[in-house]
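The task is simple: from the sequences and hints, build the whole structure.
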Amino acid sequence: MSADGIERIAAAFAASGKRSALMPYMMGGYPDLERSLAVGEACIAGGADMLELGVPFSDPLADGPTIHAAATAALAAGTSVSDVLDLAAALTGRIAVIMMAYANTVLTPGIEPFLDRLADVGVSGLIVPDLPFEESDELERAAERRGIALVALVAPTTTDVRLHEIGARTRGFLYVVSVTGTTGERSGGPVSLRPLLERAKAATNVPVALGFGISTADQAAAAADAGADGVIVGSRLVRAAGEDSDGAAAVGRLVAEFATALAAPVA
Amino acid sequence: MSAVEARKSVPHRYGPYGGQYVPETLMPALAELESAWLDAWSDAAFRSELALLARDYVGRPTPLYEASRLSERVGHAVYLKREDLNHTGSHKLNNALGQALLARRMGKQRVIAETGAGQHGVASATACALLAIECVVYMGEEDMRRQQPNVQRMELLGARVEAVSAGARTLKEAVSAAIRDWVEHVDSTHYIIGSAVGPAPYPAIVRELQRTIGDESRAQLLGRVGRLPSRVIACVGGGSNSIGMFAGFVEDAEVELIGVEAAGEGLASGRHGAPLTAGGRAGVLHGSLSAVLQDDDGQILEAHSISAGLDYPGSGPEHAHLRDSGRARYVAVTDKDALVAFRELTRLEGIIPALESAHAVAWLLANSVGELDVVCLSGRGDKDLAEVIALSASR
Ligand SMILES: Cc1ncc(COP(=O)(O)O)c(C=O)c1O
Chain R
463 MSADGIERIA AAFAASGKRS ALMPYMMGGY PDLERSLAVG EACIAGGADM LELGVPFSDP
523 LADGPTIHAA ATAALAAGTS VSDVLDLAAA LTGRIAVIMM AYANTVLTPG IEPFLDRLAD
583 VGVSGLIVPD LPFEESDELE RAAERRGIAL VALVAPTTTD VRLHEIGART RGFLYVVSVT
643 GTTGERSGGP VSLRPLLERA KAATNVPVAL GFGISTADQA AAAADAGADG VIVGSRLVRA
703 AGEDSDGAAA VGRLVAEFAT ALAAPVA
Chain X
81 MSAVEARKSV PHRYGPYGGQ YVPETLMPAL AELESAWLDA WSDAAFRSEL ALLARDYVGR
141 PTPLYEASRL SERVGHAVYL KREDLNHTGS HKLNNALGQA LLARRMGKQR VIAETGAGQH
201 GVASATACAL LAIECVVYMG EEDMRRQQPN VQRMELLGAR VEAVSAGART LKEAVSAAIR
261 DWVEHVDSTH YIIGSAVGPA PYPAIVRELQ RTIGDESRAQ LLGRVGRLPS RVIACVGGGS
321 NSIGMFAGFV EDAEVELIGV EAAGEGLASG RHGAPLTAGG RAGVLHGSLS AVLQDDDGQI
381 LEAHSISAGL DYPGSGPEHA HLRDSGRARY VAVTDKDALV AFRELTRLEG IIPALESAHA
441 VAWLLANSVG ELDVVCLSGR GDKDLAEVIA LSASR
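Keeping their order, the protein sequence lines are chains R and X.
Remember, the numbering used here sits 462 above the position in the first sequence when you count from 1.
Remember, the numbering used here sits 80 above the position in the second sequence when you count from 1.
Everything hinted at is true.
Here are the in silico distance ranges between beta carbons for each label pair: (1) S405(X) <-> G479(R): 53 to 61 Å; (2) R240(X) <-> R579(R): 41 to 49 Å; (3) S544(R) <-> V305(X): 55 to 63 Å; (4) D578(R) <-> P229(X): 48 to 56 Å; (5) G540(R) <-> R240(X): 36 to 44 Å; (6) R579(R) <-> A299(X): 52 to 60 Å; (7) E242(X) <-> S544(R): 35 to 43 Å; (8) D466(R) <-> K416(X): 54 to 62 Å; (9) E574(R) <-> S472(X): 49 to 57 Å; (10) S472(X) <-> G540(R): 37 to 45 Å.
Calculated from the model, a selection of chain X residues having no Cβ within reach of chain R, i.e. all distances over 12 Å: (11) F126; (12) H167; (13) R185; (14) E221; (15) Q232; (16) L236; (17) V305; (18) R307; (19) T426; (20) E429; (21) G450; (22) L452.
Just so you know, these hints were derived from the structure itself, not from any lab.
In this text the structure is predicted, and so the values were computed from the model without any measurement.
We treat Cβ as the ideally placed atom computed from N, Cα and C, and that holds for glycine.
Listed below in structure tokens is the structure:
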């Protein structure tokens with residue numbers, strides 16, 4: 463088992479050497495288990511600083527068509543939660559892994575047993591996109607005891623009162639959803655990234671990472687320019703993982719492009 | 081408890097069930113909805129506008145009909161609460177109209193809804209036509225096939241019907257698609273959820289808007305025979321007609337409350353829509369914790385029922401609590417028995433019931449030990465004719 467997950471995430475932000483840390487999202491078990499391991503490895507080789515690993519769920523309400531379809535395909539390929547934990551175990555030696563799982567995936571086995579399994583395989587953080595802070599007390603306490611970062615999300619619709627509450631409660635980083643919507647590729651950029659990020663930063667003392675709808679290197683660079691400490695790229699990479707005959711290679715190339723876009727200017 | 085939560089007078093939890101398991105994006109909208117609802121429900125003008133429309137547009141109060149041939153058949157008095165006589169043919173308009181008025185009051189120009197049997201979609205499209213609000217209805221492709229007349233009705237009413245092709249292409253996926261739409265358009269849009277499910281405050285709102293079923297039934301029966309029923313029987317999909325009916329009687333300890341779920345091809349087959357009856361671990365579906373059909377990993381399973389309105393793997397959180405507390409009892413009826421009851425009620429009383437409601441009638445036919453029963457006839461069966469006739473031909 464790795465060191466404290468919360469510390470490991472902090473160290474990964476500190477050591478990224480980029481303008482914003484690069485945090486690719488991948489769907490566990492997509493297109494199938496073996497190839498998803500290759501996708502994870504390609505993310506690492508391409509220059510990822512942390513990895514978000516999605517657990518496929520039958521009814522992913524926060525996800526748009528690409529990730530929803532990938533989850534459906536992963537489940538159809540027979541992927542179980544234990545398979546995704548095994549996958550995590552194969553990756554956590556090399557990179558900080560943050561697992562993204564829906565509430566029912568966490569609650570069904572029970573919070574304590576589920577977190578024990580995360581800790582066993584060395585997962586550093588957990589994101590539960592359908593668990594607002596009103597419902598998260600018990601999970602927060604259980605994660606804290608294990609040094610696992612329970613990463614909370616804020617959205618453009620989040621009020622100031624909520625933002626401060628969430629900013630104080632989140633661990634590892636604050637996940638800023640850049641659009642009012644589900645995950646998915648979007649053209650152009652959200653209208654006002656900078657105010658969104660400034661608002662978020664004022665509400666927390668952990669790094670702030672931007673996600674949802676970032677699908678081009680230009681959009682990632684714009685997020686870095688606007689002050690994001692981390693950039694999460696999901697649907698674009700998931701699409702690549704599924705569409706090419708060698709999805710992992712395609713993901714690796716894209717991750718490398720994002721890494722270049724986020725690289726610090728040579729002094 | 082945080083300051084944000086301080087003003088709360090709609091229940092969020094029913095025992096351990098309920099809650100708000102939704103993306104953060106929706107949380108402010110749920111708070112806005114709750115406060116708009118509390119405000120509207122305590123506003124006499126809002127209440128009287130709804131009451132007037134309920135009377136002159138929906139056709140309330142609906143009759144409580146003493147079904148004499150059915151009574152004779154089971155050996156005791158049976159009254160049918162005629163929700164099938166509501167405008168649009170089911171209880172769904174009680175909720176849709178109330179929520180559409182609320183949407184207008186909140187200044188929302190767009191309404192979305194999901195539908196299984198098409199009854200809630202038709203009710204929402206109707207209320208939106210009346211109030212001149214844009215309406216989009218999500219419906220699974222399989223349900224569009226088996227409830228074709230309702231698709232045409234919604235389109236005539238000016239609604240856009242969005243076909244949902246994910247999963248089993250039935251009600252569960254339609255609700256998910258509607259919630260995703262709401263996440264995208266939360267500022268302009270109100271989501272009229274069609275049953276007593278979803279994140280708080282929805283189960284409480286839907287219950288209040290449907291409790292007219294139970295309140296009227298109670299008053300009508302007391303007025304007519306001067307006593308309470310021994311049993312109140314209603315079908316349970318998500319649980320809105322049943323919770324509305326139960327709300328009128330839940331304080332009367334001597335009245336037995338019976339919720340009838342869909343046993344589909346039989347509980348043992350695993351192909352059913354009876355999470356409350358089947359039991360098992362509670363789970364989160366569509367924003368609340370309740371009885372659901374799920375596997376060991378927490379993946380939600382597909383439901384199976386001949387009746388599109390009962391073809392749902394989840395259940396309203398208050399029902400799960402009523403079950404655990406023992407206040408209500410949940411049972412299930414197979415497709416086969418529901419079809420028999422569909423025909424039987426039609427021949428006995430000249431009333432063609434919705435396949436959903438036929439489940440409640442079927443349970444009564446098989447359990448005729450009561451003294452005085454009230455059955456909620458939640459809707460009429462016109463929408464089901466093609467399906468029933470096709471099934472009979474293939475058997
Ligand atoms: C006539 C009728 N009855 C019952 C139902 C089941 O819903 P609920 O359990 O919310 O009453 C439906 C749903 O479509 C319906 O159309």
